[in-house]
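Colleague: Sequence:
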Amino acid sequence: MNTPYADPRPIVPRVSGAAVTGAVLAYGACWFFAWVNHHQEQACETTDGFCFTWWGLTVVPLTFTTALIILIAVYKRLGIRPRIAVIPPTLVLAPIPLAAAQTNAGWWAAALTGGAWASLLALAAWRRYRILGLSAAAALLLASLVVLYR
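Here the sequence shown is numbered in the working numbering, starting from 0 and rising by one per residue.
You may find that some hints are simply not true.
[Said to hold, decoys possible] Distance ranges between label pairs, derived from CB positions: (1) Q41 x K75: 36 to 44 Å; (2) R80 x R149: 20 to 28 Å; (3) W107 x L67: 49 to 57 Å; (4) T46 x A138: 24 to 32 Å; (5) L144 x C43: 30 to 38 Å; (6) E44 x V19: 37 to 45 Å; (7) F49 x A138: 23 to 31 Å; (8) I130 x E40: 39 to 47 Å; (9) T46 x Y128: 45 to 53 Å; (10) C43 x A138: 18 to 26 Å.
It should be emphasised that the hints constitute simulated quantities derived from the structure, not laboratory data.
For glycine and all other residues, C-beta sits at the position ideal for the given N, C-alpha and C.
Start from the sequences and build out the full structure, keeping to the hints where you can.
Modeller: This is the structure in structure tokens:
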């Protein structure tokens, strides 16, 4: 089939690649936040008032920048086309389900949730699976909000 809308490569390996990327990024973010928190506690041990370290101030921008660069490179390699429609929601909304998973079950749940989140939003890149991907991602987001604010 040689239509402009036909996709020559199968979708399952691409969505699986997005899931693995999301899981690795979620695990890396959990580890980095824990490392920064430990480093900041050690540095601020003797201080009674507010104490900030450079790592503590730059943890969020460094995490977002690293995740953005990795997602752009991996999604381009996987052939996930509408990157402008997939990557921003993946990055901006990802802290909500990741925080819900980590506070209740730990780093492994955050890694699984990151994989699910990335794969669902990557699935939404294809017109045929857009409703399924966005509905499942919205359900995951709603479930995480319920878990966080119950």
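Colleague: Each hint should be assessed against the structure and marked as holding or not.
Modeller: Consistency of the hints with the structure:
Distance hint for Q41 and K75: a CB-CB separation of about 39 Å, consistent with the stated range 36 to 44 Å. Separation of R80 from R149 is about 38 Å and departs from the stated range, judged on CB atoms against 20 to 28 Å. Between W107 and L67 the beta carbon distance is about 24 Å. The supplied range of 49 to 57 Å is therefore violated. Restraint check, T46 to A138: a C-beta distance of roughly 44 Å breaks the suggested window 24 to 32 Å.
In this structure, L144 and C43 meet the distance hint of 30 to 38 Å, their C-beta atoms being roughly 32 Å apart. Separated by about 38 Å at the C-beta atoms, E44 and V19 satisfy the suggested range of 37 to 45 Å. Restraint check, F49 to A138: a C-beta distance of roughly 39 Å breaks the suggested window 23 to 31 Å. Against the hinted window of 39 to 47 Å, the Cβ-Cβ separation of I130 and E40 comes to about 45 Å, which satisfies the hint.
At about 52 Å, the beta-carbon gap between T46 and Y128 stays in the expected band of 45 to 53 Å. As the Cβ distance of C43 to A138 is approximately 40 Å, the hint placing it in 18 to 26 Å is violated.
The earlier numbered hints that this structure contradicts are 2, 3, 4, 7 and 10.
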